[in-house]
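> Just so you know, the sequence shown maps onto residues 24 to 204 in the working numbering.
Hints may be right or wrong, so weigh each one.
To be verified - Straight-line C-alpha distance at most 25 angstroms; calculated SDA-like pairs for lysine to any residue:
(1) K65 - K175
(2) K202 - G102
(3) K179 - A128
(4) K131 - G79
(5) K65 - G102
(6) K132 - C54
(7) K131 - H157
(8) K202 - K78
(9) K92 - K199
(10) K175 - K199
(11) K202 - I94
(12) K175 - A128
(13) K78 - M24
(14) K65 - S165
(15) K202 - C54
(16) K179 - H77
(17) K132 - T29
(18) K179 - F160
(19) K92 - A177
(20) K65 - S115
(21) K199 - F122
(22) K199 - H142
(23) K131 - K199
(24) K65 - P28
(25) K131 - G102
(26) K131 - N150
(27) K92 - G203
(28) K65 - P90
(29) K131 - G203
(30) K175 - I94
(31) K131 - F53
(32) K175 - G79
(33) K92 - L154
(34) K65 - F26
(35) K65 - Q32
Keep in mind that the hints were calculated from the coordinates and are not lab data.
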Amino acid sequence: MIFSPTPLQGSYIIEPEQFSDSRGWFSRYFCKNEFLTINHTKEWVQMNHSFTIHKGTIRGMHYQVAPYKEIKMIRCIAGVVFDVIIDIRQDSPTFLQWFGTELSAVNKKMLYIPEGFAHGFQSLADNTELLYHHSEFYTPGSEGGIRYDDEKTAIKWPLPLSIVSERDANHPYIDKNFKGI
24 MIFSPTPLQG SYIIEPEQFS DSRGWFSRYF CKNEFLTINH TKEWVQMNHS
74 FTIHKGTIRG MHYQVAPYKE IKMIRCIAGV VFDVIIDIRQ DSPTFLQWFG
124 TELSAVNKKM LYIPEGFAHG FQSLADNTEL LYHHSEFYTP GSEGGIRYDD
174 EKTAIKWPLP LSIVSERDAN HPYIDKNFKG I
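Throw the hints in and build the complete structure from the sequences for me.
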């Protein structure tokens, strides 16, 4: 696996190495020993699978607060997404900066997201599917969100918005009292 750091410390684009022959191909997308090279020591305790019907749909920006801050690893298994993270760590030099990258079933890249980040994506194709690995269980009382169109983060989504859930549309904008997590 190739771990390429993003501009936001602790997050990585992961490119699995693919081995091909006349039968097809083989690729490993998790190996505990290889993940130790980026200091990943927590176990994955939950895996989620999402299906997004329409191109242009935005999901996010979601996070969990202490004591349930979580590490996530995102992989697109059908279609293509613009996957986005926002650094919301209180003491980070990149506080409130965002990073986005294209994940697809074709490029097989994954995004590793450390604790202290909000995550979301926009589907760039119809019928898109993502797998999410989580280091913490989903805990409703610890969930939080930031508006996908907040001016303070100014995420440049590649497509016009087609659909956003009521829940995500009701996430708060960042105000002067937001100190991160």
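> For a C-alpha distance cap of 25 angstroms, please report whether K131 and G102 respect it.
holds, 11 angstroms
> Assess, step by step, whether the Cα of K131 is no farther than 25 angstroms from the Cα of G79, and give holds or violated.
holds, 20 angstroms
> Between K199 and F122, is the straight-line Cα distance small enough, at 25 angstroms or below?
holds, 22 angstroms
> Compare the distance between the alpha carbons of K65 and P90 with 25 angstroms, and conclude whether the hinted pair is satisfied.
At roughly 14 angstroms apart (the allowed maximum being 25 angstroms), P90 and K65 satisfy the hint.
> Are K202 and C54 close enough, with their CA atoms no more than 25 angstroms apart?
violated, 35 angstroms
> Is the hinted pair K175 and I94 satisfied, with a Cα-Cα distance of at most 25 angstroms?
Holds: K175 and I94 sit about 24 angstroms apart, inside 25 angstroms.
> CA of K65 to CA of K175, is that 25 angstroms or under?
It is violated: about 31 angstroms lies between the C-alpha atoms, which goes past 25 angstroms.
> Given the hinted pair K65 and Q32, is their Cα-Cα distance within 25 angstroms?
Status holds; Cα separation ~18 angstroms.
> Holds or violated: K132 and T29, Cα atoms, limit 25 angstroms.
holds, 13 angstroms
> Please verify whether K175 and A128 have alpha carbons no more than 25 angstroms apart.
violated, 31 angstroms
> For the pair supplied as a hint, K202 and K78, confirm whether the alpha-carbon distance does not exceed 25 angstroms.
violated, 33 angstroms
> Is the Cα-Cα distance between K179 and F160 25 angstroms or less?
violated, 30 angstroms
Hint compliance for this structure: hints 1, 2, 5, 8, 12, 13, 15, 18, 23 and 29 are broken, all remaining hints hold.
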